[in-house]
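Given the coordinates of chain C, assemble chains H and V onto it according to the supplied hints.
Here's the letter readout for the chains.
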Amino acid sequence: MIEPAAGPRCRCGDLALGFLAVTVLSGVALAPLYRPEAALESVEAIEAGLPWAWLLRAVHGFAALGFLLATVAHLVDAVRAGGRERLPAGPWWRSTLLLPLAVLAMLGGFVLRGDAESLAALAVWRGVLETIPLLGAPLATLLLGPPGAGFGAVTAHHAGTFSLLLWLIAADHGRRMWPTGRSWAVALLSSAAIAGVVPLPLGPAEPTGVGLLGPWYLLGLQGMLLDLPPATAWLVPVFLAGGVGALAHVQGRARTATLAALGALLAAWVGWTVRLLLAGAG
Amino acid sequence: MTVRRLVLPLLLAAACAGLVVAAVRESRRAAEVGEGPERAGGRVERCLVCHDDPDESPGGAHAADALGCEACHLGNRLAYDKRRAHAGLEREPGALDTVDRTCGRSGCHVREVERVTRSLMATGRGLIAVDRWVFGEAPGPDGTETFRELLAVARPSPAQDHLRRLCAGCHLGTRGENRDDAVSGVGSGCASCHAARRAPGTAGRHEPIDARVPDERCRGGHSRSGRVSLSYAGLVELRPGDPAATTRLYDGRPAAAAEPDVHGEQGMSCVDCHTIPDVMGDGRSYAHEEAQAEATCEGCHPPAAAADGAPWGAAGDALVRDLLRLRGEARGPLEPARWTRRGVPLWNVRPAHAFAGGDGEAAEAPWALAGKLDGRLHPLRPTPADADHGLRGHERLACVSCHAAWAPSCATCHTRFDAAGRQWDFGRGAEVSGAWVEESERFGWGPPALAVLGDRIVPAMPGMILTVDAAGTGRAALERRLFAALDPHATRRESRSCASCHAEPVALGLGSGTLDLGPGGPRFEPAEPAAGEAGVAADGWVALFPSRPGEGTRAGLRSLDAAEQRRVVRVGTCVPCHGESSDAIYGDFGGAVGALFAGGSACTFRAPEWVRGTAER
Amino acid sequence: MATVGSRSRREFLDTAWRWVAAAGAALAPLGVLGILSRAGGRPREIVLDPGILERAAREGGVAVEGVYVRVRDGVPDVLSLRCRHLGCRVRPDPARGGFECPCHGSRYGLDGRVHSGPARSDLLRPAVRRSGDRWIVELGADDD
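Chains as they are written, first to last, in our numbering: chain C, 1 to 282; chain H, 1001 to 1617; chain V, 2001 to 2144.
The set of hints was computed from the structure by calculation and includes no laboratory data.
Don't take each hint at face value.
Quick list of the computed label-pair ranges, beta carbon to beta carbon [as the list claims (entries may be wrong)]:
no., chain 1, residue 1, chain 2, residue 2, range
1, H, 1205, C, 149, 42 to 48 Å
2, V, 2111, C, 149, 29 to 35 Å
3, V, 2065, C, 249, 40 to 46 Å
4, V, 2111, C, 25, 53 to 59 Å
5, H, 1493, V, 2130, 20 to 26 Å
6, V, 2065, C, 51, 35 to 41 Å
7, H, 1374, C, 32, 55 to 61 Å
8, H, 1087, V, 2130, 36 to 42 Å
Facing chain V, according to a computed beta carbon distance under 8 Å, are these residues of chain H, among others [unchecked claim]:
no., residue
9, 1110
10, 1114
11, 1376
12, 1379
Some chain V residues judged to face chain H by a derived CB distance under 7 Å, without partners named [stated by the list, open to error]:
no., residue
13, 2051
14, 2055
15, 2073
Even for Gly, the Cβ is constructed at its ideal location relative to N, Cα and C.
Bound conformation, chain C alone (with noise of 0.2 Å):
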């Protein structure tokens, strides 16, 4: 039985496909362009010393981050709506991967300008895959190359591996593997305005003096690495995910405890976020 939605639906799945799309065809566009080996000096090179390759930079870092909030959006309106009767729970669960694997990719991105920066998240993103009990280190070194090895690992999972499984289980998500005519257009349109106005931040080679903070969707981790032990920052995404997935067995009650307890696991996240941006204005 399909109860009625909750609400206004926004077409934020389909619109997710297609950011997804406007991302990796504007990352192949970009791959050639990239060398592993002479990241930053690569990466310089697209900001500004290519005819147009800033743009295609931007489109595709802000469709990135589109597919992230519409994936986002997409997730909140089915909760509301009561997802759980629109999907059976096996897609619903293999669903939940969409967003650490969008959150995976977009970091991988991050890590591969090659700045300062970049250096610092690679060395965090590792410590903190370490601290997984037995699997910890080869799954390091499998996402991440041995330690000292480079870009060359991160630069295949950000480009293959991720993007693969995205439109993999995207497609299976929402049973059709090209976005609409529409989406496409709305995904196109929109990261190429932004991209024209806005440039994407690009670090110096070294440290400049003032603390390091990582990608904006992870600030709310960074913070909790101020004050709470390292697992913490696979622990909570793995929470979050088996939240959301638990949502496809749970009803009334129960229902409104795992929202409630997703709800503070965000708001925590929210909170030390600001705590970080606090203590870095420190």
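For chains H and V alone, coordinates are given in the frame of chain C:
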């Protein structure tokens, strides 16, 4: 539904607007990206795309097409746009606070930077210690405080404040902004000496960087205080308005001409005598310049009887060996060498026959010195074993005690703090309220006094006959009468006359006045008596036969004491007739005087009774 | 009998194949994990020449390629600059003394002891060996 229908047209409009902005940004990017070489010495060096003008390269070993810009100037060599490229730029490579990332970076001049940062030109240890002692802030003129520490002090003492505002301007570690005189032309730290001054009309051109430092780069600092750069060139700084001024210094200060140093006259430059450890240190931190400097007169002019220099062997300073290698020169291990007093070989001094083409004037002497800047050969004659140099009683005299023809003097100095003024504080890097003012009534030059430094007799000048009014009350809180020992760098081949030391008041440390060696006993009449000090001249160190000797600017420095003065002036009575060092009476002066008073001498001179004194030398 | 026998044999084979496949499926990732866990970064060596040691002695300490070198009694005393929290490179903080991590603000004393911040343990001291007038710092994966 209406809103939904509007989304696409609105987004299309936004994208068009975004693309218009992007087109503007792209055209700006394309205009800024420039065309030019992007690599230097095999690595990416985007700086050269904009800075490709040959005038912007220092040329030589540091040429931009070999090293690029980032190696010295830091910044971001990978960046394409100016803002990012210039982030973290070092405008003054060589400045000591960043020198370990510029000149001293790994693979470049690590050892040199290590030495220089510990050398006196960077630490200023002697300068600081003496100043703090003179201000009454330290028990003696030795200390370990360096400019680096001094400039970081949050609440400087009066002496520290004085040093920070005045003396720090020549110290190697302060940056070019607001630095004094000639130093400000180029930069600080390494560049103070190794970057050439800009010739007029060449603004915007990169200064050449070189190892060969001409004299004008030394005078930024060394035309002050002892003013050896000026004396060496035969110049004396005078006070503004002094009618004796006949010329002006390079920076406009009035000056008069005097006899130049014989080495300067022969076209030798500062670095011909002063070795790498002399100027850049040897890695140790010394308390005073005479401890760091190691060039001696005897290095080039040893006594004639001395054996030839010890051979090169494997010994020698590592930097000297590298320097020779870079210059493409070699020394056999058995080739005789001349050495500084600490055992660094003088690589530009060799047996005359070792120089190619050294058969001209240089061959007149067994050894020759090659000018480090011009390669000119200068014959080196040994110190002769004659009567002048074997004169009994003169064994303790430094060469310059006799061969320094004159020295500059600044006989009075009033240092006061003017609370109403404003002055640059190198510690804070800003102009702050109040100003230290130094005023002198007399700048001049003349023969130096003789002083005792340890076990040597050396020339000394009135370095600090000064008053210090640190509170700015108008009344001097401190009065000092200190002489400073120095090699005036006004060396002449002909020495001072015997009378200049034995019968003139200046040599005895008495200052200007009349020294009467008549029958009434030695008497001194100051030309201008010092206020409140009986028998002391305004420009003098001590009175005649003082109860205790005068103080100097070093722990072991003093004026001649009464007994020493007495011994000197006794000879003075005989000098008018016995003016030659070869005179027989100087073989045993005490005996000659004894014989004179005993009537056993052919001399008809009726010596004053006080000359009888105690029979000694 | 034969039918029964062949059926049971087929069942047995099927079961066996399933077991083999299951064992393979279990062992393959273990093998990959085994390879990966051995694929640590190559140990790195840093050469400390006399110039670096002299400077370290003079300035109290100097940061070189991810380690901080000081000299005690003529022997280099080397600290790894890898933060013990999550591996960012800590940097000397001349103003406050000691080292600070730019990522999460861990602070260490000049002796490498952790003073504050999320890090729990002290900075590591990599092994140092002598080679002529030089010293070689041997950095393991944890130090680098």
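What hints, given by number in increasing order, does this structure fail?
3, 5, 11, 12 and 15
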